[in-house]
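Each chain is listed here by its residues.
2 protein chains.
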Amino acid sequence: MKYNYLNNLPLDEAKQKLFDHLTSVGFAGRTETVAVTDACGRVIKNAAYAHICSPHYNASAMDGVAVKAEKTFAASERTPVTLTEADYVTVDTGDPLPDGCDAVIMVEDLIDSGDGSYQIISSVYPWQNVRQVGEDICMGDMIAPSGTTLTPALCGALLAGGITEIEVMKRPLVGVIPTGDEIVPPTSDPQKGDIIEFNSTVFKGMLDSFGASVKVYPITPDKKELISAAVETALNECDVVLVSAGSSAGRDDYTSEIIAALGTVLVHGIAVKPGKPAVLGEACGKPVIGLPGYPVSAIVIMDEIVSEVIARYYGKPNPTRTTVKATLAKRIVSSLKYSEYVRVSLGRIGGKLIASPLPRGAGVITSFTKADGVLIVPQNCEGIEAGEEVEIRLYKPLNEIENTLIVTGSHDPLIDEVANFLAEQGAPFRVCSTHVGSMGAIYAVRDGHAHMGGIHLLDTETGEYNKSYVEKYIPGGKAVTVKGVKRVQGLMVAPGNPLGVKAFKDVRNLRYVNRQRGAGTRILCDYLLEQNGLSPEQINGYRNEEFTHTAVAALIAAGNADAGLGIYSAAKMYGLDFIPICDETYEFLIDGKYLDDPMVQAFLDVLYSAEFQKRLAEMGGYEVC
Amino acid sequence: MKYNYLNNLPLDEAKQKLFDHLTSVGFAGRTETVAVTDACGRVIKNAAYAHICSPHYNASAMDGVAVKAEKTFAASERTPVTLTEADYVTVDTGDPLPDGCDAVIMVEDLIDSGDGSYQIISSVYPWQNVRQVGEDICMGDMIAPSGTTLTPALCGALLAGGITEIEVMKRPLVGVIPTGDEIVPPTSDPQKGDIIEFNSTVFKGMLDSFGASVKVYPITPDKKELISAAVETALNECDVVLVSAGSSAGRDDYTSEIIAALGTVLVHGIAVKPGKPAVLGEACGKPVIGLPGYPVSAIVIMDEIVSEVIARYYGKPNPTRTTVKATLAKRIVSSLKYSEYVRVSLGRIGGKLIASPLPRGAGVITSFTKADGVLIVPQNCEGIEAGEEVEIRLYKPLNEIENTLIVTGSHDPLIDEVANFLAEQGAPFRVCSTHVGSMGAIYAVRDGHAHMGGIHLLDTETGEYNKSYVEKYIPGGKAVTVKGVKRVQGLMVAPGNPLGVKAFKDVRNLRYVNRQRGAGTRILCDYLLEQNGLSPEQINGYRNEEFTHTAVAALIAAGNADAGLGIYSAAKMYGLDFIPICDETYEFLIDGKYLDDPMVQAFLDVLYSAEFQKRLAEMGGYEVC
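These protein sequences, in sequence, are chains A and B.
Counting in the numbering used here, the first sequence runs from 1288 upward without gaps.
Counting in the numbering used here, the second sequence runs from 1288 upward without gaps.
These aren't lab readings, by the way, just hints derived from the structure by calculation.
Errors might be hidden in some of the hints.
One copy or two, either will do: identical chains are not told apart, so a pair holds if it fits within one copy or between any two.
[Unchecked claim] Here are the simulated DSS-like cross-link-like pairs (lysine-lysine), alpha carbons at most 27 Å apart as the crow flies:
id, residue 1, residue 2
1, K1617, K1773
2, K1901, K1789
3, K1657, K1603
4, K1479, K1355
5, K1510, K1859
6, K1683, K1355
7, K1603, K1901
8, K1639, K1502
9, K1479, K1302
10, K1880, K1773
11, K1683, K1657
12, K1880, K1759
13, K1510, K1759
14, K1617, K1355
15, K1502, K1773
16, K1639, K1612
17, K1617, K1759
18, K1657, K1457
19, K1773, K1304
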């Protein structure tokens, strides 16, 4: 079986190799001339100098009368001055100052004599209430240097300076070629083995934010000649070419060979995770980049390299990447083989910005949908401990992140539903929920990493929920529990219960799917095993761990497992049969400091509202405490 | 002369009045259904739930062979296991796991026996190297709550979850009606009294950033019936109507009356500066806003009120406004009559973020082009001292601001030219220059408010430049001067020198235009007056102060003054006659701490480069020191 090993070039060296080469072949952007009225957001080629002054004539700055200032010098409350019709000209704001006048008296300061004359009781000095020529912009002044991205105000200033058209960088056109035999256009009903092509949509959105336009070519199967032909077409039509998938070194990976045949491969394999199997090359003087097929890997390469390719097209320095310091909520272990991009969610709590690592798989696009930023673990670092200060590259404005209610703990779909109700109300904060199990909630609230979290922890000695755990792990009343819901836990099995499962003890003969350590449902499982005289070793699949009720339901529905413990609403969602086992108390553990926090209060207000109870009834398996 | 006085409602009350009323008339956005592939940046109406799992089948996570895991359990370096062709199926990444298999062995871990069989020396556990159903997204999971703005990654997740179309908020259409008899479309050759209509271009750019589309109507003259008809047309075609200019209470200001006739005026006059003469109203269930004609006033109202009108259309909370703490570089005096929006430029120096107030006139669009943020001086505050910590609302990302070389001091067009050379080189920082005169440079560098600044301070006792001033004001060698240019100072007069000016003493009989206190050129003026036995009182226009050489030249060219002191390059730019008076030494004063700063070094490298000397020769009047 063919497999060529990849290089493992450090990212900086890989970029340097690409950019040095692009410079040597003269890669640079083209320009076009556009109306300034349509130029907002565009990048100007050359410095812009004002053609005319603004204002370009002496203009009245007020509604009032224009006068010769010296006529008013004697005016005071004791010695009012009378201005006859010969002494003034009525002007509105913006009117040119009439010849012979050098000041304007505001309408508010005129005492109307009723006969066409006015009295005034204070003087004006020369050029008072006049916008003199060039007050805002002087002809010849530089309005913006070369390479400036035009803001709305800059467009206004250019027009004010008499510039109506301007040479700007053309938006580069980036060709995206999705490849793969198994790739299909977006559909809600894919066949087994079909992979929905969504990477090009992700790239399109990212490229737009980099300032590039996109042409997405049709999906090309894994045939070298076809992909090569598509790359040649794209090289003719576009400024930059991206080949999606096929960038590794397997038997169906052709990107590297194709670029080598058409031009030059500069790098194949970069020491980043995810993102390693990327190809950086050039053909016809244009960058050709082979992106990994896994979406997260591709996004890292887009963010790190393609964004800088576009910056070079514009002749601009690299994109500004805003970073913040944050406290790491959970230990991260990494490898010395690469630098690793760990997506994190962020939230401010007790004055500290807390970074919680998200799932690290290269195929997990949802790790990017939830990411507020990324922690780059350098290649020479094997790991970072919880509680350490780390630098996070932001994906979102910090203020958006500041207003976050952090809910960390046991998974229940109701948390997302509450968040949605809050969003519908236009709440001025967002809810960031992480599923780390009930024990995870205990640790997160204890350590100040979450405002609150869902817990359902069965004390197997007393049969009571939650209380004894909270007393043991967070003594001293620092945290409180507030009522949540009662919900039914049970065994989920295939529709129609084909294996005839009647009670928990029946899992002994089945392929089981379990929950992760620390989950309330895992603790329930262990309790039920003990009650039934079973040991973990007797359970096929005990070590097959999932993080949510829906993930367990999905695997049973897919036939990967025969049974698993979970809540009724998940079973209902997947049309599974459900064997109820117990009612449990799902509560919220809240750090006492935040009990009166408006975000926490708004969350609870929704939870306890009559409207939300209706939603719970629809979902099924819940009972209001 | 008609003039109705305006209200002076605090901003928060004005907004509340508008938004309460809009709620009462049911103002809300409409929706449309779009393809998810085109939905990036759109705001979803309802929560989005996954239709399918992703992956929706068990997929190989690697290139390799699929096996039944239990076949591999015995494998070790001492006891390799042989997999015959019956034991495995060759798979590529993404391929469905064949029936009967539950794990994948990576191609890198296979030892090819050459006869179709492989040896392995380590085992795989069930589901290893398999992306199980739902690994990324589970059917039924909420991908995004109601009101989410779709990011590229979210569009990817929606497609992965089998969602191909989605209901999003329509972009609101905002009608902009420019009004005014004197308003003309953009031109580079306006007649006296013509005002170039650039506000609608500024609004279009701002509205785009708020998420709105714009229809700009033709310029409508100051006729009540015509403006009223335009508003009615816009109300038919748009979701929000903005009337530009005519919002005050003068004889040609009709906006308020027109809105009152068509609907309801809620507010006329707001206690903000600039921005006071705004009208907030409603007609046909739609917001109708009268914007002040002065661009800066209009921008404040756009930013504070129209942005929130658009947020309400989307059902979103108000836009996130990022703020930072900064140290105020210069004292600000404000009034108790209003809250004032003072635009500031920002830069980081010696660990401190320094906010320098920009010109405060309502007509000065360039105060917005240079603004990095705004300091809002509350209504109950009469002023803020230099050095106080203030809160700045940012207009630009903080990282863009962090990398700023602050050049504060004497005006010379060469500073902009150096900045432009740096921009052309792709320098990873920007230059922020403020014209506060040579003494301003001394104070700014002394107080740590600037990295460097231009100075040309004549010691009238020694005839030497700069040295004695620096020694006096910044003793102890904390700051150093480095060579800049020699430049010619002289009197600028109208082309052809119609008044026959021969020497400085001739200004006695002329209308003079002066520079501001603290400017090196002002000090030169005072010195020349003394030398010629003249007193300031004898000079007509001594108190007419401008901040730059080009502003002085512009006023002489416009005929506002007969003569003024300035540098040759400014006279040349305006085609003025020039009577040389002296050569002066223009140097850069640099805080010693920053002499080796890469930004300062890059600035000086450009200044001393042969290419830049050519540019100076083109500008004229300079000599390399």
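Do the hints match the structure? See the list:
no., hint, verdict
1, K1617 x K1773, "neither (30 Å within a copy, 61 Å between copies)"
2, K1901 x K1789, "neither (31 Å within a copy, 92 Å between copies)"
3, K1657 x K1603, "between (30 Å within a copy, 19 Å between copies)"
4, K1479 x K1355, "between (87 Å within a copy, 20 Å between copies)"
5, K1510 x K1859, "neither (44 Å within a copy, 66 Å between copies)"
6, K1683 x K1355, "neither (57 Å within a copy, 44 Å between copies)"
7, K1603 x K1901, "between (55 Å within a copy, 24 Å between copies)"
8, K1639 x K1502, "neither (43 Å within a copy, 45 Å between copies)"
9, K1479 x K1302, "neither (38 Å within a copy, 55 Å between copies)"
10, K1880 x K1773, "within (26 Å within a copy, 66 Å between copies)"
11, K1683 x K1657, "both (11 Å within a copy, 24 Å between copies)"
12, K1880 x K1759, "within (19 Å within a copy, 56 Å between copies)"
13, K1510 x K1759, "neither (62 Å within a copy, 78 Å between copies)"
14, K1617 x K1355, "neither (75 Å within a copy, 35 Å between copies)"
15, K1502 x K1773, "neither (52 Å within a copy, 54 Å between copies)"
16, K1639 x K1612, "both (9 Å within a copy, 17 Å between copies)"
17, K1617 x K1759, "within (21 Å within a copy, 57 Å between copies)"
18, K1657 x K1457, "between (33 Å within a copy, 25 Å between copies)"
19, K1773 x K1304, "neither (60 Å within a copy, 44 Å between copies)"
When held up to the earlier numbered hints, the structure conflicts with 1, 2, 5, 6, 8, 9, 13, 14, 15 and 19 and fits the remainder.
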